[in-house]
Amino acid sequence: MATFDEVISKAKTVAKTAGKKTSELIEITRLRLDIAEQEREMASIFEGLGRLIYDSKKTGEDPSSLVDECVASIDECQAKINELKRQIDEYRYTLRCKECGAPNPDDAAYCKKCGTKLE
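In my numbering, each residue's number is its place in the sequence shown (first place is 1) plus 86.
Hints were generated in silico from the structure; no laboratory data involved.
Where is the CB? At the ideal position from N, CA and C, for every residue including glycine.
Hints should not be assumed to be uniformly reliable.
[Unchecked claim] Below 20 Å or equal to it, Euclidean Cα-Cα: the simulated SDA-like pairs (lysine to any residue) are: (1) Lys171 - Lys198; (2) Lys107 - Glu205; (3) Lys166 - Thr115; (4) Lys184 - Leu204.
[As the list claims (entries may be wrong)] Derived DEER-like restraints, expressed as beta-carbon distance ranges: (5) Thr180 - Leu138: 38 to 46 Å; (6) Arg172 - Glu127: 15 to 23 Å; (7) Arg118 - Ala188: 34 to 42 Å.
Required output: the full structure, derived from the provided sequences and hints.
Quick look at the structure:
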């Protein structure tokens, strides 16, 4: 039978693990909200780009420089989204493939990207 000290020690370990998982879930939720914000920003830029093209067709003006700015802004948003997704993957997947470096779930036997056996 476990002693009182062992029970207390086990309870502390469980509480610490639960606290860590909770903070990870909170961080993942924050990152997902940041992704949604970037996606809204991209949608707004796409809408503005469409309006810009339409207006330039109507007026006959050359929108090239403004189009380039919109494309650069969209690319920037996409890069931010990719980085946020990478950060989420770091929380969700801690096992990395030695061959290709792809993140995998802790319980994976083989790499989901290249199929190499994971150790």
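Violated hints, by number in ascending order, as checked against the structure: When the structure is compared with the hints, numbers 2, 7 turn out to be violated.
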